[in-house]
Amino acid sequence: MGLARNINQEPKSNKTSVRKSDLKVGLLFLAPSILLFSVFLFYPLVRTVYYSFHITDITGEQSVFVGMENYLFLFQDPVFYESLKATFLFVLYTVPTSIGVDLFLALLSNEKLKGIGFFRVIFSSTMGISAAASAVIWLFLFHPSVGFFNNVLNSLNLPVVQWLINPDWALLSVSITTIWMNLGFSFLILLGGLQNIDQTLYESAAIDGAGYFSRLWRITLPSLSPTLFFITTVTLINAFQSFGQIDILTGGGPNDATNLLVYSIYKEAFVNYHFGTASAQAIILFVFIFILTILQFKFAERKVHYQ
Amino acid sequence: MKEIRSKKFIFYTLLIISALVIFFPIFYAISVSFMSEGDVRARKLWPSDFTFSNYGSAFEQMPLLHYLKNSFIVSSVVMIGQLILSSLAAYTFAFLQFKGRNVLFFIFISTMLIPWEATMIPNFLMVQGLGWTNSYAGLTIPFFATAFGIFLLRQHFLTVPYELREASLIEGLGHFGFLTRVVVPYCKTSFITLGVYSFLTTWNMYLWPLLVTSDDSARTVQIGMKQLRSQEMATDWGGVMAGATIIVIPTLILLFLGQKQLQQGLTKGAIK
Chain L
1 MGLARNINQE PKSNKTSVRK SDLKVGLLFL APSILLFSVF LFYPLVRTVY
51 YSFHITDITG EQSVFVGMEN YLFLFQDPVF YESLKATFLF VLYTVPTSIG
101 VDLFLALLSN EKLKGIGFFR VIFSSTMGIS AAASAVIWLF LFHPSVGFFN
151 NVLNSLNLPV VQWLINPDWA LLSVSITTIW MNLGFSFLIL LGGLQNIDQT
201 LYESAAIDGA GYFSRLWRIT LPSLSPTLFF ITTVTLINAF QSFGQIDILT
251 GGGPNDATNL LVYSIYKEAF VNYHFGTASA QAIILFVFIF ILTILQFKFA
301 ERKVHYQ
Chain Z
1 MKEIRSKKFI FYTLLIISAL VIFFPIFYAI SVSFMSEGDV RARKLWPSDF
51 TFSNYGSAFE QMPLLHYLKN SFIVSSVVMI GQLILSSLAA YTFAFLQFKG
101 RNVLFFIFIS TMLIPWEATM IPNFLMVQGL GWTNSYAGLT IPFFATAFGI
151 FLLRQHFLTV PYELREASLI EGLGHFGFLT RVVVPYCKTS FITLGVYSFL
201 TTWNMYLWPL LVTSDDSART VQIGMKQLRS QEMATDWGGV MAGATIIVIP
251 TLILLFLGQK QLQQGLTKGA IK
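Protein chains in written order, with this note's numbering: chain L, 1 to 307; chain Z, 1 to 272.
In isolation and in its complexed conformation, chain L is listed as follows:
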């Protein structure tokens, strides 16, 4: 990072007075962000930890200290166990598939072909479609009687599937919707990463007579690894934070089959008003995402090929 590149060339005279005024201006410029981060992020995080050790009333005001009881309760609660299982399965269904599909689309769209701009617009289009709108559209596609998918199965003389009603299918159906709605963003980032690859690398490979797949394996993917690493982290974190599509498609059902972590927090806090156990779940979510991000960074440091 070229953090100090420009600043080091600061005029040598009146250095200290420049620094002093820099501090004042800096704090002034940072003040609004520091204030908002403190009020709406750091303080609530501390407060969540506090709630997770307490039992509170509906306003969150009156509370009784219960120590680790909320956590102990959660780890014995079959509903929470189901929620964790569903969350991990959901991550497993969505993350590798998303990255595979998005990489495939980005590689296709990186070819210099006539009309490629049109395809790029189509592939990125789902980024402009909200979780709520996506979910409503897919709700219709999954509809048991008038939905498109069962219509196709019908015309092929196959048995229809209760996409969102059958507990064995619901999580998969929600996963497909999620992969589709998150496609646009990852596609744009991966395409950008591909376009940043130094073209001279390919020119020397072309002289060697390397084919498409050998170039893909030896040049494209290694050069793309920082982008792939970034998009894996983002997709993973996104999967853990999924909410809107679940609220509209299944409401966490059937039989809690799609009761993912954030949905479970929402229900526990704002339907059942158990702020204590909900906060304990929120802290578990925070720890998951924190560890994942740190692990990814550690892993990436060793494996990722930076140019």
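Hints are computed from structural coordinates only; laboratory data are not their basis. Keep in mind that a hint or two might mislead.
[To be verified] Only pairs whose alpha carbons sit at most 27 Å apart, straight line, appear in this in silico DSS-like list of lysine-lysine:
| id | chain 1 | residue 1 | chain 2 | residue 2 |
| --- | --- | --- | --- | --- |
| 1 | Z | K44 | L | K267 |
| 2 | Z | K260 | Z | K188 |
| 3 | L | K112 | L | K267 |
| 4 | Z | K226 | Z | K44 |
| 5 | L | K112 | Z | K8 |
| 6 | Z | K260 | Z | K8 |
| 7 | L | K24 | Z | K99 |
| 8 | Z | K69 | L | K114 |
| 9 | Z | K260 | L | K112 |
| 10 | L | K112 | Z | K99 |
| 11 | L | K114 | Z | K260 |
| 12 | L | K267 | L | K85 |
| 13 | Z | K8 | L | K114 |
| 14 | Z | K226 | Z | K99 |
On the provided structure of chain L, position chain Z as indicated by the hints.
Positioned in the frame of chain L, the structure of chain Z alone reads:
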């Protein structure tokens, strides 16, 4: 020559199939929004007779125009708030030097490790305590500070040539003058990227508006979508799809206009 032509053929085939699969749900939603009830029940792919009545019923079922207005206001305010706060903070981290700056930068970046959902319970209680539920303030102010935006702008600010800064010092421009008259025009593309990105994400926000809007006064279109879905269920899919079409049009237009910009800008912020 022959090899190149067959390679092209393969690529176009894959591109067209992918495009059909990916665009199908959008195409179908728009198509159903123009269908009569009979066509929907007959599971047609294309309306036998175009009707606009679904759009009428979408507007009748709920105050859709009011929700659209709310979404526009909330998204624009968050966008402007994020642009102002991010550019001030990014300026500090790119151009100013003082003790503790790097620690502050590290703290700012570390906020990306905190999932917003992990803090939503105290946030909700606080916003409720402030009397900000069902208000634009509650929907916008908590989102003004963004580590992503600060990082994105800072990366671009670092590329501003030193000569520009020297010249502005000689001309007697202060920090604020340098920021608004030199840095902002120089880094215009990053500002557009961040602007489009924050408008899109705010427009599409779901969980927070669900929590803090209990009546129509500040409710956004996304929550309207949920209402439309629960009110009508299986009875009027045409109306539901008309509603979905209306709420995605503004963001789709924005995306089509800003696609190139967004792609280049986001990549810059994400990778470099």
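Taking the hints in turn, this is what the structure says about them:
no.: 1; hint: Z/K44 / L/K267; result: violated, 38 Å
no.: 2; hint: Z/K260 / Z/K188; result: holds, 14 Å
no.: 3; hint: L/K112 / L/K267; result: violated, 49 Å
no.: 4; hint: Z/K226 / Z/K44; result: holds, 25 Å
no.: 5; hint: L/K112 / Z/K8; result: holds, 10 Å
no.: 6; hint: Z/K260 / Z/K8; result: holds, 24 Å
no.: 7; hint: L/K24 / Z/K99; result: holds, 11 Å
no.: 8; hint: Z/K69 / L/K114; result: violated, 40 Å
no.: 9; hint: Z/K260 / L/K112; result: holds, 16 Å
no.: 10; hint: L/K112 / Z/K99; result: violated, 49 Å
no.: 11; hint: L/K114 / Z/K260; result: holds, 17 Å
no.: 12; hint: L/K267 / L/K85; result: holds, 17 Å
no.: 13; hint: Z/K8 / L/K114; result: holds, 10 Å
no.: 14; hint: Z/K226 / Z/K99; result: violated, 50 Å
Violated hints, in rising order: 1, 3, 8, 10, 14; the structure is consistent with all others.
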